[in-house]
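Trainee: The whole structure should be built from the sequences, with the hints applied where relevant.
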Amino acid sequence: MRTNLRIYLAGVKTALASRMAYRGDYFLSILIMLLVEMAAPLITILIYENGASFPGWSMYEALLIQGVFLLGKGIAYPFFFGIVWNTVERVRGGAFDLLMIKPKSALFMAIVTGFDAEDLGKLIGGATLFTLALRRLPPPGVGEWLQFLALFLITLLTLFAYGVTLAGIGIVWIGNIRVYDIFNSLTNFGLYPAAIFSKPVQTVITGIIPIAILGSVPATVLLGRPSPGTWRAVGVSFLFLAGSLSFWRAMLKKYTSAGG
Amino acid sequence: MLITVEDLKKVYKSYQRGSSFGETLKSLFVRKPIYIEALKGISFRIDQGELVGFLGPNGAGKSTTLKILTGILYPSSGKVDIMGYTPWRDRKKYVAKIGAVFGQKSQLLWDIPPIDAFYLNKAIYAIPEREFKRTMEYMVELLDVEGQIRKPTRQLSLGERMKCEFIMAMLHKPEIVFLDEPTIGLDVIAKDKIRKFILKMNQRGVTFILTTHDLGDIEHLAKRVIVINHGELVFDDALPALRRQLGEKKIIAVTTIHPLPALDRPGITVTNRISTYQVELELDLTAFPLNEFIALVNKSSTIRDLSLREPQIEDVIKVLYQAR
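Going down the list, the sequences are from chains A and B.
Be aware that the first sequence starts at 1, since it is given in my numbering, and climbs by one per residue.
Be aware that the second sequence starts at 1001, since it is given in my numbering, and climbs by one per residue.
No wet-lab data here; the hints were simulated from the structure.
None of these values were measured; they are calculated from a predicted model.
Errors might be hidden in some of the hints.
DSS-like cross-link-like pairs, simulated, lysine-lysine; straight-line CA separation at most 27 Å [stated by the list, open to error]:
| # | chain 1 | residue 1 | chain 2 | residue 2 |
| --- | --- | --- | --- | --- |
| 1 | B | 1318 | A | 253 |
| 2 | B | 1200 | B | 1133 |
| 3 | B | 1299 | B | 1097 |
| 4 | B | 1173 | B | 1196 |
| 5 | A | 104 | B | 1079 |
| 6 | B | 1026 | A | 13 |
| 7 | B | 1200 | A | 254 |
| 8 | B | 1079 | A | 253 |
| 9 | A | 104 | B | 1133 |
Mentor: In structure tokens:
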């Protein structure tokens, strides 16, 4: 574990050093990322400012759900979600071979070499929104915080599972980045309280495809009004994680490398 | 035995489609699978400390073999035992003991100096600090790149980069190193330096398996040559035996004072008729002994100059590659 952490930090260091070679572009990218991430919360504010609302949810409650969703992605994207692009690009160019000749799992090496410093903009955006929304709401108790932290850990594991699945697809479905767009569109349902959707949609995003766990489920626990089907969402997330890892291993066996 | 490969086969599934617009459109919905036999059951053994050249034309299956031996690819069938490991099954433990240099795939990081990439490998292979520094300094001195390892990789020449690739691949002191076209695109000085480095490391007991199209690498480095063609092993022996593949032949250049006699005889193959006084030919000594050839030429036209050499390894390789 310690060795792996040391390897991961060495990977982060080299990724940051590489990105710092083009400092101006880096800071501009972070700023753009921050602005893009703020689009959904700004729309939410506009909705509430104009007298409309998500029925049953105050503006700050809705913003907290979005804050949790963006915080989750803000942690996932720079620190481990880079496996998706890293794998897709390496498989297409043949450089995935270089991960396979290291004495660590190819998945771990894809994480180590896939740290995305630019996506720290998402983390800043998510953390800011989460903090600002939380300050306008009654402070949660210790129990609520503990439950939230446990569920948020599952949020991160679910995002990891999504990353592993997309990266696995990238091994055999070479160069296809559209699956990422599908992932993005689907998970955007997680930006809103699950309860505002119709019953069938709620069932799908909570108990079939783990989407509500990305925002609504952990955030509602922090708000003291847990979503119905929380345990089911947790179970589905673990199943999804196990399935994604098996899928990755199966795809890795099918890896054909590129060229000579 | 360090490496044992038995009846190794690899079949790739690919898809076939035509080049016309209609065929391209059709391929969006229906694709015809085709199966390519990259390896048709090759077997060989390699001892510790050997330096083996792995040759073959493009698409012959040598890179596939190398990728299976380095644990990158799963074979379709066959057995591989390297230091007691099956590469694809025991990959993590196994690759800790091997190194690889791919001439066309860099392990260095483009925007930062090689030394940063070396430190990343130090962490990956858990190399103790003192050992890391000692090994790095030794190799840096041997390859003469003291001034380069702290410059961004993108500012280095191809030769300097390749030297750093070697350091990257050997910092963890691998027992076997796989080299895939390590001298591709390098100038003669850089090639020489790298070849000397490989020989030095080989003398220290490191086993090298070298895949290359540069026959100079083979002549300078390999004591044994394995040739693969169409997924089959077509030659596996020492380098002098490879030369003998063409039989007892000599390449002769002869210049005469008077016009040359007719040379269309069994055992003589004229490769270049420069003038009526000068010719280059291949002489099969088993069919036409050298003294008889000299007598033949001297009989009607006195020899002014004659040079003799062994067939080039390239000629032998060409014959092996063209064989189906």
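Trainee: A separate judgement is required for each hint: does it hold in the structure or not?
Mentor: Results of checking the hints against the structure:
{"no.": "1", "hint": "B:1318 to A:253", "verdict": "violated, 36 Å"}
{"no.": "2", "hint": "B:1200 to B:1133", "verdict": "holds, 19 Å"}
{"no.": "3", "hint": "B:1299 to B:1097", "verdict": "violated, 65 Å"}
{"no.": "4", "hint": "B:1173 to B:1196", "verdict": "holds, 17 Å"}
{"no.": "5", "hint": "A:104 to B:1079", "verdict": "holds, 23 Å"}
{"no.": "6", "hint": "B:1026 to A:13", "verdict": "violated, 48 Å"}
{"no.": "7", "hint": "B:1200 to A:254", "verdict": "violated, 38 Å"}
{"no.": "8", "hint": "B:1079 to A:253", "verdict": "holds, 17 Å"}
{"no.": "9", "hint": "A:104 to B:1133", "verdict": "holds, 22 Å"}
In this structure, the earlier hints numbered 1, 3, 6, 7 are contradicted, and the remaining ones agree with it.
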